[in-house]
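**Q** Please build the complete structure, drawing on both the sequences and the hints.
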Amino acid sequence: MLVKAITFLLESVLGLLTLAFLLRFYFQLTKVSFQNQAAQAIVTLTNFAVKPMRRLTMSLGNLGIPKIDVSTLLLAYITQFILKVSTLWLSEFPLLIAGNGIWPAILLVTFISIINLSITIFLYAVLIQAVLSWVNPHTPIAPILNKLTDPILRLFRKIIPLAGNIDLSPLAFILMAQLLLTTILIPLENNLLTTLVK
1 MLVKAITFLL ESVLGLLTLA FLLRFYFQLT KVSFQNQAAQ AIVTLTNFAV KPMRRLTMSL
61 GNLGIPKIDV STLLLAYITQ FILKVSTLWL SEFPLLIAGN GIWPAILLVT FISIINLSIT
121 IFLYAVLIQA VLSWVNPHTP IAPILNKLTD PILRLFRKII PLAGNIDLSP LAFILMAQLL
181 LTTILIPLEN NLLTTLVK
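Quick note on my numbering: the sequence shown kicks off at 1 and runs consecutively.
Where hints are given, some of them may not hold.
Below, computed lysine-lysine pairings styled on BS3-like, alpha-carbon distance capped at 27 Å [stated by the list, open to error]:
(1) Lys147 <-> Lys31
(2) Lys31 <-> Lys51
(3) Lys147 <-> Lys51
Please keep in mind that the hints were generated in silico from the structure rather than gathered at the bench.
**A** Pasting the structure below:
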């Protein structure tokens, strides 16, 4: 019972923290205005770790990636890695005697998890944006959603023409993202995790 409670707590806290780091990374990447209250909340929530990590990555030449602040992405990965290791440890998986081969597998599972979360962020952003465009297009969160989803939807708009002045690109992206998650990425992550535990 205690193990389940601790696992739930870790998944909630570290999962939300990973989400916050990823949101901050994608906000920076898509040039979302940080004057918005929602964006400021993300910055406030993540500054405790981003500031020292940014100093470290800058001293390392931003890990060789110019013009992108990789500190938030790296923090998201580290947070998710800690969550995976903690979950395995709490499930009484013999991490210390499993051999060196276990760590590349955990790193791979973490990488797939970050991809899953990233796709999910954009999936829900597009979905919420589509709903708000019908219900309340002038909500304060609309500019964030527009900036965040525009690079992806622009690609789909080049392929999918308007159908009677109706933009079908959000629907196409939602279907493609769901298909990718449910048929490839989530089963792959689950299979890898099952293989680790066995």
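**Q** Hint by hint, note whether the structure agrees.
**A** Hint check results:
1. A distance of roughly 7 Å separates the Cα atoms of Lys147 and Lys31; the hinted pair therefore holds under the 27 Å criterion.
2. Note on Lys31 and Lys51: the hinted pairing holds, with a Cα-Cα distance of about 19 Å set against a maximum of 27 Å.
3. Distance hint between Lys147 and Lys51 is fulfilled; the C-alpha atoms sit about 24 Å from each other, no more than 27 Å.
Against the hints set out earlier in the document, no violation occurs for any number.
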